[in-house]
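Trainee: For this one, chain A is given, so just place chain B on it according to the hints.
The lines below spell out each chain.
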Amino acid sequence: MDEKLIHAVYDDDDVLLSAVKELRNAKYQIKDVFTPFPVHGLDEALGLRGTRLAVTAFLYGILGFSVAVAMIYFIMIVDWPQNIGGKPSFSFMENLPAFVPVIFEMTVFFAAHLMVITFYLRSKLWPFKSPENPIPSTTDDKFLMQVIVKGDEDKLNNMLTKTGAVELSMHKNESE
Amino acid sequence: MGSHYESPIRKPLVTGNKSYGDVTVDIARAVENPPNKQWFLAFGIALAAFLWGLGCIIYTVSTGIGVWGLNKTVGWAWDITNFVWWVGIGHAGTLISAVLLLFRQKWRMAINRSAEAMTIFSVIQAGLFPIIHMGRPWLAYWVLPIPNTYGSLWVNFNSPLLWDVFAISTYLSVSLVFWWTGLLPDFAMIRDRAIKPFQKKIYSLLSFGWSGRAKDWQRFEEVSLVLAGLATPLVLSVHTIVSFDFATSIIPGWHTTIFPPYFVAGAIFSGFAMVNTLLIIMRKVSRLENYITIQHIELMNIVIMITGSIVGVAYITELFIAWYSGVEYEQYAFLNRATGPYWWAYWAMMTCNVFSPQLMWFKKLRTSIMFSFIISIVVNIGMWFERFVIIVTSLHRDYLPSSWTMFSPTVYDIGIFIGTIGFFFVLFLLYARTFPVIAQAEVKSILKTSGDKFKNTHTNG
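These protein sequence lines are chains A and B, in that order.
Just so you know, our numbering puts 138 at position 138 of the first sequence, and the rest follows in order with no gaps.
Just so you know, our numbering puts 36 at position 36 of the second sequence, and the rest follows in order with no gaps.
Just chain B, with the same shape it has in the complex:
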């Protein structure tokens, strides 16, 4: 058993004296048993929010974008704020499953499945906003380079907005495939345990007939590794390209070269916070505390702390460069952000994103579940404000003081945003009861090195 040795300094990643069979039972439990009352309550609220949002979308599309609070000065506001916010949240999933796979971080295995699910669901929300903003969403396929009846009318490959189309669609589809490939063995596990014929049929369909042959596993591992290698630059490219939407324009406050790394760090920051929000609840409800341990939450808090610090450095660099550049428009844009009429948004962003994660330096706080949960929500509020600050405060006072104005959202702006939060939770709550929420095949493969049952026998014997 020497090959399974791991230093006793490393805390076990799976606690509760679990055997292979126990892992199967624990992961299948949420799928095989009916959800409780709280699930239905949460699902009901999410569904109501989704339906309200759907109503607002239908009204917006049938009436026109004029129902939003946009005006001639602020032409981009909540729609793009929400788009960037959701895309950013999506980044944690790929980061956990791909980057941590390349770094051989075993703690990813308990959280990668749900983090990837979160990625896919939030990128879906993100994709809705540009499509709604088109005004005529049924023509959304016009963003694709397809031959048409207007002669040589093509999309413009110089445009960052078109790069977004390629980046987001590649990201969504590759994440989906990565997620599904990892799911096959776990769907197969549920299929082979299913008693009801209907359930068996569904999971048989979903598992693509996975049988677990030695050759299949060899290919599976290779495919996972190569996909991780491809997804790592992909995830970094996606938020880089999103930041190009702003950085390639010549608006003061947007036209900065720091945007790509700053946006990527912010994306990881908000994504890990969202993973914490979701998993802190899920580990309790689905009784997965032995798999998603305090150690997992602590490690995620450390990532939040580091990326929060990077974001903080980026904010300060932006201010410094604005002053140092000597460009008065740039200087005014940043002065206006911090002290202008939107000062409250700027300082909300600073408090939530720069100050609050610094509390994670205290071990007592970063291992507290309640505190982690609160910070995870605070961070996502802060990251929403970050995008709002970048977008609206850079626009609302442009070169002509006569066109200076404020932006106020209408009930449809708010409704669509709330609706996407509802849609996200509808998808995630359904996922939590029908999908194996932990990559159980992967967890089993590290059980002998990192499970407390086996670790204790190594240390004692």
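With the rest of the complex left out, here is chain A:
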């Protein structure tokens, strides 16, 4: 597909937000938006679906909890039951209070680390990954919107200028 893409640069988050809404009302397709900081309401304006990372954290937490319980049960009760201070480890439930701290720490450990790893993988963030923001100033004070050109190009250009874009440039749409 030989689609064209317009890069519209804004210098204010409120102007950008209203531009996004206006373009979506006019049924234009916005490929992506690059901003220097989280603009509140932008994900809704773009119609992005909510992220499920919090759910993954919960599941990872359950995993960590289970691993900890299984590990401590095996080590303390099955493999090497000891009589420490007259309190023999014969049953897991009776010794549970002493195991709570480690179970808690492992739950947090699994939930936090695996969620962050999932985030890095989903957002393709890792060392040696090259950045993909089209212009460097989107990490400073500029906001860039990529609009897929559909129909009349001039009409879209005019519309973008009217929404307050300070700079427009034409690019080829290279799908990932």
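These are calculated hints, taken from the structure and not from any lab test.
Be aware that one or more of the hints could be misleading.
Okay, derived cross-link-like pairs now, EDC-like style, lysine to aspartate or glutamate, Cα gap no bigger than 20 Å in a straight line [stated by the list, open to error]: (1) Lys196/B / Asp140/A; (2) Lys201/B / Asp140/A; (3) Lys201/B / Glu132/A; (4) Lys215/B / Asp12/A; (5) Lys453/B / Glu44/A; (6) Lys200/B / Asp141/A; (7) Lys215/B / Asp140/A; (8) Lys453/B / Asp11/A; (9) Lys200/B / Asp12/A; (10) Lys215/B / Asp152/A; (11) Lys124/A / Glu221/B; (12) Lys215/B / Asp79/A; (13) Lys215/B / Asp141/A; (14) Lys200/B / Glu132/A; (15) Lys215/B / Glu132/A; (16) Lys453/B / Glu132/A; (17) Lys215/B / Glu94/A; (18) Lys453/B / Asp12/A; (19) Lys21/A / Glu167/A; (20) Lys124/A / Glu222/B; (21) Lys215/B / Glu174/A; (22) Lys364/B / Glu298/B; (23) Lys215/B / Asp154/A.
Quick list of simulated restraints, FRET-style, between CB atoms [unchecked claim]: (24) Arg24/A / Leu161/B: 29 to 39 Å; (25) Ser18/A / Arg10/B: 19 to 29 Å; (26) Ile369/B / Glu174/A: 30 to 40 Å; (27) Gln29/A / Leu41/B: 53 to 63 Å; (28) Lys124/A / Leu161/B: 33 to 43 Å; (29) Lys37/B / Gln29/A: 36 to 46 Å; (30) Lys172/A / Leu51/B: 36 to 46 Å; (31) Thr161/A / Ile45/B: 52 to 62 Å; (32) Ala140/B / Val166/A: 53 to 63 Å; (33) Pro8/B / Val166/A: 25 to 35 Å; (34) Ile369/B / Ile62/A: 41 to 51 Å.
All C-beta atoms in this analysis are idealised placements derived from N, C-alpha and C, irrespective of residue type, glycine included.
Mentor: Coordinates of chain B only, in the frame set by chain A:
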């Protein structure tokens, strides 16, 4: 612009009429310019202290723990005092970045980055002490539950010292990840401004290729929130578990149920003091007075005052309960603390931790930079004495009067402690010149509500 409205009663958190671009320039300045003479002087002193400490560590490990001042009665002294002191200091970082995030306190944004850096660097110092005390630090991995050639020889999950291993390592690694995730957009900002190719390459590597897509920001915010939710009970659990090292034993003076909340309050107290110590200097040197304002220092002083009062109440409760319990050993332990041969340590602790923060009730004092700086150091001296008092005075007169003794540190005890202070400042000084010391992406997101430039236009127009 209605959505950015904030009551004019709230003082602006960012002063100096800053725009988005100004924030970028101000935060990148320390990274892009060479440090001044004072930085090199401070770094030199810190490095010298670190190297001295390293020498003492090498001597201790190669000779044996006998080079310390420990004796058959006082088997734990400066090593564990320093360990608890450093862990406690570390607590403020997570508290500021996680707990204040959950409470939506916007003033955290100017200080959370440095406070988290402080957390990580001080937990590293804390971790050194138990490892050195093992005597054979190359076997430190034996604290992990790993299969071994001795058959079914495992670590003991009933032991508070093992809980510490899990608590501290979880805390250190989760704090590091929390810190680094927040750093990605700010590293990306420096990367995109860098002119020298080497610098660009380094910051590109550090920023993990952050591009600032709308979807990435959505995930970023969710991850920050969930990490804050996880880090909040975590930070409370860590010092609770540290206090279990003492509370689960049956030594009079240690065997008290008040320890977990009392230790956590003390940790927050000392941590905020350390944040004040570091930031009062940094805001001046890196010219960040418009971001870390007097208001920020005042708010931290209020936290210091409150947690100092909680610690004071805990001290008095301990004394009361010792008397009320009717246990003569417990009663003697506390009488000995306040009036025995270590009375000076006890009263140093009382003066620094209970009396000095009460001066913060005066607005004039808590908004004075010089006064805040002095109190922040006094508090950390007091908190060191607190741990020393709890540990050494509870041990040095045990059940058998024939084994009563005193503890005096050797040059190696002192050297290792000074060395960790040096190591801490080496790391922090390097951080201050190479990392974005303020979470600039977060500050930009509140600039329109809390920056004076925009706030004034709301109020006037």
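Trainee: The structure should be examined with respect to each hint, and the outcome stated for every one.
Mentor: Each hint tested on the structure:
Taking the CA atoms of Lys196/B and Asp140/A, the gap is near 18 Å; set against the 20 Å cutoff, the hint holds. For the proposed pair Lys201/B and Asp140/A, the alpha carbon gap of about 18 Å is at most 20 Å, so the pair holds. Between Lys201/B and Glu132/A the alpha-carbon distance is near 15 Å, which keeps this suggested pair within the 20 Å criterion. Note on Lys215/B and Asp12/A: the hinted pairing holds, with a Cα-Cα distance of about 19 Å set against a maximum of 20 Å.
At most 20 Å may separate the alpha-carbon atoms for a hinted pair to count; Lys453/B and Glu44/A exceed this at roughly 28 Å. As the CA atoms of Lys200/B and Asp141/A are separated by approximately 19 Å, the hinted pair is consistent with the 20 Å bound. A hinted pair counts as satisfied when its Cα atoms are at most 20 Å apart, and Lys215/B with Asp140/A qualifies at roughly 18 Å. The straight-line distance between the Cα atoms of Lys453/B and Asp11/A is roughly 16 Å, inside the 20 Å bound, and the hint therefore holds.
Of the pairs offered as hints, the one joining Lys200/B and Asp12/A is violated, with about 26 Å between alpha carbons and a cut-off of 20 Å exceeded. Pair hint Lys215/B plus Asp152/A does not hold up; C-alpha atoms about 28 Å apart against a cutoff of 20 Å. Of the supplied pair hints, the one linking Lys124/A and Glu221/B holds, its CA atoms being roughly 16 Å apart against a limit of 20 Å. Restraint check for Lys215/B and Asp79/A: the C-alpha separation of about 48 Å exceeds 20 Å, so the hint is violated.
Under the criterion of a C-alpha separation no larger than 20 Å, the hint pairing Lys215/B with Asp141/A is consistent with the structure, at around 18 Å. In summary, the hint linking Lys200/B to Glu132/A is supported, as the alpha carbons are separated by about 14 Å, within the 20 Å threshold. The straight-line distance between the Cα atoms of Lys215/B and Glu132/A is roughly 13 Å, inside the 20 Å bound, and the hint therefore holds. For the proposed pair Lys453/B and Glu132/A, the alpha carbon gap of about 32 Å is over 20 Å, so the pair is violated.
Between Lys215/B and Glu94/A the CA atoms are separated by roughly 47 Å; this puts the pair beyond 20 Å, and the hint is violated. Of the supplied pair hints, the one linking Lys453/B and Asp12/A holds, its CA atoms being roughly 14 Å apart against a limit of 20 Å. At roughly 19 Å between alpha-carbon atoms, Lys21/A and Glu167/A fall within 20 Å of each other, so this suggested pair holds. With a C-alpha separation of about 16 Å, the suggested pairing of Lys124/A with Glu222/B holds against the 20 Å cut-off.
For the hint pairing Lys215/B with Glu174/A, the CA-to-CA distance comes to about 19 Å; that is within 20 Å, so the pair holds. Only pairs whose Cα atoms come within 20 Å are accepted, and Lys364/B paired with Glu298/B is accepted, the gap being roughly 10 Å. Between Lys215/B and Asp154/A the alpha-carbon distance is near 29 Å, which puts this suggested pair outside the 20 Å criterion. At roughly 58 Å, the beta carbons of Arg24/A and Leu161/B sit outside the given window of 29 to 39 Å.
A beta carbon spacing of about 26 Å between Ser18/A and Arg10/B agrees with the range 19 to 29 Å that was offered as a hint. Distance hint for Ile369/B and Glu174/A: a CB-CB separation of about 54 Å, inconsistent with the stated range 30 to 40 Å. Checked against the hint of 53 to 63 Å, the pair Gln29/A and Leu41/B passes, with Cβ atoms roughly 58 Å apart. Against the hinted window of 33 to 43 Å, the Cβ-Cβ separation of Lys124/A and Leu161/B comes to about 41 Å, which satisfies the hint.
For Lys37/B and Gln29/A, the hinted distance range of 36 to 46 Å is not satisfied, since their beta carbons lie about 56 Å from each other. Between Lys172/A and Leu51/B the beta carbon distance is about 57 Å. The supplied range of 36 to 46 Å is therefore violated. Restraint check, Thr161/A to Ile45/B: a C-beta distance of roughly 58 Å satisfies the suggested window 52 to 62 Å. For the pair Ala140/B and Val166/A, the supplied restraint of 53 to 63 Å holds, since their beta-carbon distance comes to about 57 Å.
For Pro8/B and Val166/A, the Cβ-Cβ distance of about 31 Å falls inside the hinted range of 25 to 35 Å, so the restraint holds. Checked against the hint of 41 to 51 Å, the C-beta distance between Ile369/B and Ile62/A comes to roughly 48 Å, which is consistent with it.
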